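Using the sequences provided together with the hints, build the complete structure.
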Amino acid sequence: MSHLSFFQSLDFDNALEVVTRIFQRFPLQYGTTLGLDGHPQIRPLEFKFEKDGVLYFDTVTFYTSYKEMLVHPYVQLCICDQETMTYLRLGGRVNFTTDKEIINRCFEASPVLTSQFDKRRDFVVAYYLTEAWAEFASFSPELPTKHYELPNKYDY
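Once you know that position 35 of the sequence shown is 35 in my numbering, the rest is easy, because the numbers rise by one and skip nothing.
Please note that a few of the clues may not be correct.
To be verified - BS3-like mimics (lysine-lysine), calculated; alpha carbons at most 27 Å apart, straight line: (1) K51 - K119; (2) K100 - K146; (3) K51 - K100; (4) K67 - K51; (5) K153 - K100; (6) K67 - K119; (7) K100 - K119; (8) K51 - K153; (9) K146 - K67; (10) K67 - K153.
Since the hints were derived computationally from the structure, they do not count as laboratory data.
All of these numbers come straight from a predicted model, not from anything done at the bench.
Put into structure tokens, the structure is as follows:
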């Protein structure tokens, strides 16, 4: 299926489906944090999974990004498809969890994480977003522009 056909197949009235399906289709996202020096930092990261309306990611406690998110807990992520000139941005407040079930699901979702940290799982911490929002936009006339709020059970 072409990227355009994929985007056209999305239910744009279902924000969570739009975000999760795009992140599954484009598993490498770019995330920005505010660096400890006050300057923006961008790096690749990987969406892990969605459960009960909550989007989960992970990091490692000795990574600079973890230290940055502790001090400045807001992030933005982005994917862009050059073929259709379409992008999705996601932002929100980072909330860390050491829940073993969640961390195990992160490992199940990621061969990269497993290959790098399977024997060092104690360094891995999961996180989810609250105050989450998403923006879908495209330069393709066949696709809409949408802004979504993505509240979940931790927002209340």
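A quick look at each hint next to the structure:
no.: 1; hint: K51 - K119; in the structure: 25 Å, holds
no.: 2; hint: K100 - K146; in the structure: 35 Å, violated
no.: 3; hint: K51 - K100; in the structure: 15 Å, holds
no.: 4; hint: K67 - K51; in the structure: 25 Å, holds
no.: 5; hint: K153 - K100; in the structure: 19 Å, holds
no.: 6; hint: K67 - K119; in the structure: 22 Å, holds
no.: 7; hint: K100 - K119; in the structure: 15 Å, holds
no.: 8; hint: K51 - K153; in the structure: 11 Å, holds
no.: 9; hint: K146 - K67; in the structure: 32 Å, violated
no.: 10; hint: K67 - K153; in the structure: 25 Å, holds
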